[in-house]
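K.L.:
Each chain is listed here by its residues.
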Amino acid sequence: MKQLTAVLMQDLRIDIRHGGQIVILPAFFLLIVLLYPLGLGADVKTLQTSGPGLLIIAALLASLLPLEKLYTDDLKDGTMDLLLLSQQPLSLYVTGKIMAHWIIAGAPLVIMSPVLAQMMGLGISWHALMLVFTPATLLFVLIGQIAAALSLNAQRGSVLLALLVIPLYIPILIFGAGALDLFQSGMSAKGPALFLWAMLAFALPLTPLVTVKLLKMQID
Amino acid sequence: MFGYANPKRYQQLSRIILALALVFAVIFLGEGLYLALIASPPDYQQSETVRIMYIHVPAAWLSMFIYASMAVAALTLIIWKHTLAGFYIRAAAPIGAAFTAICLITGSLWGQPTWGTWWVWDARLTSVLILFFLYLGVMALGNAYDNPDKSQQASAWLVLIGSINLPIIKFSVEWWNTLHQPASLTSLSRMANPGIHPDMLVPLLVMAGGFLCLFVVLAILRLNNEILSRKIHVMRLRTIHG
Numbered sequence: 001m002k003q004l005t006a007v008l009m010q011d012l013r014i015d016i017r018h019g020g021q022i023v024i025l026p027a028f029f030l031l032i033v034l035l036y037p038l039g040l041g042a043d044v045k046t047l048q049t050s051g052p053g054l055l056i057i058a059a060l061l062a063s064l065l066p067l068e069k070l071y072t073d074d075l076k077d078g079t080m081d082l083l084l085l086s087q088q089p090l091s092l093y094v095t096g097k098i099m100a101h102w103i104i105a106g107a108p109l110v111i112m113s114p115v116l117a118q119m120m121g122l123g124i125s126w127h128a129l130m131l132v133f134t135p136a137t138l139l140f141v142l143i144g145q146i147a148a149a150l151s152l153n154a155q156r157g158s159v160l161l162a163l164l165v166i167p168l169y170i171p172i173l174i175f176g177a178g179a180l181d182l183f184q185s186g187m188s189a190k191g192p193a194l195f196l197w198a199m200l201a202f203a204l205p206l207t208p209l210v211t212v213k214l215l216k217m218q219i220d
Numbered sequence: 001m002f003g004y005a006n007p008k009r010y011q012q013l014s015r016i017i018l019a020l021a022l023v024f025a026v027i028f029l030g031e032g033l034y035l036a037l038i039a040s041p042p043d044y045q046q047s048e049t050v051r052i053m054y055i056h057v058p059a060a061w062l063s064m065f066i067y068a069s070m071a072v073a074a075l076t077l078i079i080w081k082h083t084l085a086g087f088y089i090r091a092a093a094p095i096g097a098a099f100t101a102i103c104l105i106t107g108s109l110w111g112q113p114t115w116g117t118w119w120v121w122d123a124r125l126t127s128v129l130i131l132f133f134l135y136l137g138v139m140a141l142g143n144a145y146d147n148p149d150k151s152q153q154a155s156a157w158l159v160l161i162g163s164i165n166l167p168i169i170k171f172s173v174e175w176w177n178t179l180h181q182p183a184s185l186t187s188l189s190r191m192a193n194p195g196i197h198p199d200m201l202v203p204l205l206v207m208a209g210g211f212l213c214l215f216v217v218l219a220i221l222r223l224n225n226e227i228l229s230r231k232i233h234v235m236r237l238r239t240i241h242g
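Protein sequences appear in the order of chains A and B.
Per our numbering, residue 1 is the first one in the first sequence, and the count goes up by one each step.
Per our numbering, residue 1 is the first one in the second sequence, and the count goes up by one each step.
The hints are simulated quantities; they were obtained by calculation from the structure and are not laboratory data.
Be aware that a few hints might be false.
Derived DSSO-like pairs (lysine-lysine); straight-line CA-CA distance at most 30 Å [what the hints assert, rightly or not]:
hint: 1; chain 1: A; residue 1: LYS216; chain 2: B; residue 2: LYS150
hint: 2; chain 1: B; residue 1: LYS81; chain 2: B; residue 2: LYS8
hint: 3; chain 1: B; residue 1: LYS150; chain 2: B; residue 2: LYS81
hint: 4; chain 1: B; residue 1: LYS81; chain 2: A; residue 2: LYS2
hint: 5; chain 1: A; residue 1: LYS190; chain 2: A; residue 2: LYS76
hint: 6; chain 1: B; residue 1: LYS170; chain 2: B; residue 2: LYS8
hint: 7; chain 1: B; residue 1: LYS170; chain 2: A; residue 2: LYS76
hint: 8; chain 1: A; residue 1: LYS76; chain 2: B; residue 2: LYS81
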């Protein structure tokens, strides 16, 4: 527990002192959403029909951006070597990393989503948005960090990361957009929303374990 | 299975399989192409365009079969550290990607006269396209590290994660389509429905057998190349380090 909070607090502190992705990412999210009315035209009807999907695509792209840095810094400055030598379980470290990353790169998007939905003229209540964006952003982080560990230290890492991660993100996109669409049209979105949470329940315990394996493979 | 981790024993066996597969590939493909392109009747609705199916459907089957075989190899590599499994993934991925590309291209050539469009965002098409990108990812990751062992391990993990993801994509895409589009497309895309006439089923199956044998031939050739190139890599390292 102590190790977990140590990793968590350290990552948050590093982020804030290095100019804060926690601030920049929501701005990026807003900028992507801003592109749509400019590209598609500001017609309210178009925005309302395509809005739910666009919001989740914007969140996907914003989650893609900070993934590359997730483990590389710790690998380069030797933190990971020390961790392995210290005999502490690597899974706690990975869990701490994931939590910190979600607070920095996931939660701000969740909080921003009602604002952006209002700007797109969507009639989706804020708790419906939370219900979809919370599992979606968590899944983006959980699956994305596996891809980050996979392409860690690889040649042309960032392009490779995008190629690996986007196909894996597709189910989240489909169910997220599906749920938002149903909320938008006022129908019951129970099916896709439950699917999102089910995927989260599946990914939450498994993905950190996979990452531990991958990190061990990367270090030796 | 583990006896064949010994390269010599593997090579003896592979030589026999290679020869057999080569003979059968030539027979099946020759026979299949004759049946498919000349002997089989044109479809009453699609007329001659139906012949594209004899390439398209076996390619689609193989694209999935090869991914499944790579997933088995990935498990074998991760659990038992079987040396050949890592080489197999590297050898099979480009072939799988090629069959997926053939499937997509022939499908789109067939779609233009039949559906009147090159591409539809239909469940099957979309999931095959995603499969293609998964293959590309495996290939890219397989070359991403200077240490070849690490590349193999990393791509094995990706294959495994992708194999969990693939059914989700398949079903979610179908779901997503039923939410938005009329179901007529999905029934149109099911060309290989069980009610197919034997005159068409036989060439289809012969072609599928031919493609499978062709895959075995290509995979063994590539596998041997992979092993040789690894040997060269090791020998080079040895001369560098004295």
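K.L.:
Hint by hint, where does the structure go against what was stated? Just the numbers, ascending.
P.N.:
4, 5, 6, 7
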